[in-house]
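Q: Residues per chain are reported as follows:
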Amino acid sequence: MKAERQLLRLGDYLVGRACRRLPRDIRAERYREWAGELPVILHDHQIRSAPRRAIRMLAYAADTFRAVALTGGAARRTSPAMTAVLRSLLLAGVALVGWDIWNIVQAPGHPLNYLQLAWGLLLLAYPVSMLARSGSRAGTPIIVTGTLLGVAVNLWEAAQAPGDWVNYGAAALLAFLLFVLWAARRRAHARQA
Amino acid sequence: MRMTGPLERVLGAFLADVVAPRYGYDLMKEARLPSGTLYPLLARLERQKLVVSAWDTPQQVGQRPRKYYQLTGEGIRIARLEIAQASSRRHHAPAVAGRPAPGSMG
Numbered sequence: 001m002k003a004e005r006q007l008l009r010l011g012d013y014l015v016g017r018a019c020r021r022l023p024r025d026i027r028a029e030r031y032r033e034w035a036g037e038l039p040v041i042l043h044d045h046q047i048r049s050a051p052r053r054a055i056r057m058l059a060y061a062a063d064t065f066r067a068v069a070l071t072g073g074a075a076r077r078t079s080p081a082m083t084a085v086l087r088s089l090l091l092a093g094v095a096l097v098g099w100d101i102w103n104i105v106q107a108p109g110h111p112l113n114y115l116q117l118a119w120g121l122l123l124l125a126y127p128v129s130m131l132a133r134s135g136s137r138a139g140t141p142i143i144v145t146g147t148l149l150g151v152a153v154n155l156w157e158a159a160q161a162p163g164d165w166v167n168y169g170a171a172a173l174l175a176f177l178l179f180v181l182w183a184a185r186r187r188a189h190a191r192q193a
Numbered sequence: 001m002r003m004t005g006p007l008e009r010v011l012g013a014f015l016a017d018v019v020a021p022r023y024g025y026d027l028m029k030e031a032r033l034p035s036g037t038l039y040p041l042l043a044r045l046e047r048q049k050l051v052v053s054a055w056d057t058p059q060q061v062g063q064r065p066r067k068y069y070q071l072t073g074e075g076i077r078i079a080r081l082e083i084a085q086a087s088s089r090r091h092h093a094p095a096v097a098g099r100p101a102p103g104s105m106g
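Chains A and B supply the protein sequences, listed in that same order.
So that you can map any letter, position 52 of the first sequence is 52 in this note's numbering, and since no number is skipped, the others follow by simple counting.
So that you can map any letter, position 94 of the second sequence is 94 in this note's numbering, and since no number is skipped, the others follow by simple counting.
Just chain A, same shape as in the assembly (with noise of 0.2 Å):
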């Protein structure tokens, strides 16, 4: 098959991207395992079209992530602990998107309450996606964009109010706090490798 080479490696990119979500102890076999049916799947002569082969493996690879979010999942439970700061996170979340709704009702010409109920909506959504889905990839990204936008919030009502120095301080706060995540990430990325 002409490309055979390309679509095995898109695939083992495929598995190799779910199995990375897995646990380290069966990653390493959860991989030989999937990444074994990959050629046999492209050369089954039980489908004629070399297409229709090429589809099923694409989507044998990548359906794997369906495989991860329910065989991995049960790894990553989160503690009662944490449950209960999430749900606490959760209420404040939702008392901050209904204070900057109410704002929005108050003055909807000012533009910075809309700046504050996305970033209510953003630190509403973290605590969700993780209680929905333990171990939730997305929270990283929600985290990173929430802190991006109380920064980029702070420095407008700095812009605002140049004398007070709450806001350059919270908004350096902020920026501290998306520093400590990237170090922390990058050292768990090293102890990894």
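Don't read these hints as lab results, they were simulated from the structure.
As the structure is a computational prediction, the values presented were derived from the model and not from experiment.
Positions of the beta carbon are idealized from the N, C-alpha and C atoms, including for glycine.
There may be inaccurate statements among the hints.
Pairwise CB distance ranges (calculated) [claimed, not checked]:
| hint | chain 1 | residue 1 | chain 2 | residue 2 | range |
| --- | --- | --- | --- | --- | --- |
| 1 | B | V52 | A | L131 | 35 to 45 Å |
| 2 | A | S129 | B | Q85 | 37 to 47 Å |
| 3 | A | R9 | B | Q70 | 23 to 33 Å |
Away from chain B, derived, C-beta distances all over 12 Å, residues of chain A [claimed, not checked]:
| hint | residue |
| --- | --- |
| 4 | I143 |
| 5 | E157 |
| 6 | A159 |
Straight-line alpha carbon distances no greater than 16 Å define the calculated EDC-like cross-link-like pairs of lysine to aspartate or glutamate that follow [to be verified]:
| hint | chain 1 | residue 1 | chain 2 | residue 2 |
| --- | --- | --- | --- | --- |
| 7 | B | K29 | B | D17 |
| 8 | B | K49 | B | E30 |
| 9 | B | K29 | A | D44 |
| 10 | B | K67 | A | E29 |
| 11 | B | K67 | B | D26 |
Could you slot chain B onto chain A? The hints should help.
A: Chain B only, in chain A's frame:
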């Protein structure tokens, strides 16, 4: 063991030939299940010691090793029992009452 449609199909595929080694892709085709459904089921059956797995040795250089699965003795017994029970439940399930035809209720 909670019998579900996919599980019944996987056990049925195993029971079609209990001594044959079954690879993931073959089971997918026989049970008509996607990989994302099949592998968690196999992992669960392996944890329950109803299925054992092993690696085959590649016949040619460059061939990738494949993992195969087989039912254990206990797995065969339980699979046969569960499939028979599921089949019996289906036979004895009360027929779903159809909607009465218009005008048939007097």
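Q: For each hint, tell me whether it holds in the structure or not.
A: Quick rundown of the hints versus the structure:
1. B:V52 - A:L131: 35 to 45 Å: holds, 37 Å
2. A:S129 - B:Q85: 37 to 47 Å: For B:Q85 against A:S129, whose Cβ atoms are near 40 Å apart, the range 37 to 47 Å holds.
3. A:R9 - B:Q70: 23 to 33 Å: Distance hint for A:R9, B:Q70 holds at roughly 31 Å.
4. I143: Fine: 28 Å to the nearest Cβ keeps A:I143 off the interface.
5. E157: Check passes; 47 Å lies beyond 12 Å.
6. A159: Correct as stated: the minimum Cβ-Cβ distance to chain B is 49 Å, above 12 Å.
7. B:K29 - B:D17: holds, 15 Å
8. B:K49 - B:E30: Cα-Cα ~22 Å, so violated.
9. B:K29 - A:D44: holds, 11 Å
10. B:K67 - A:E29: Holds, because 10 Å separates the two Cα atoms, which is no more than 16 Å.
11. B:K67 - B:D26: holds, 11 Å
Hint 8 from the list above is the single one not met by this structure.
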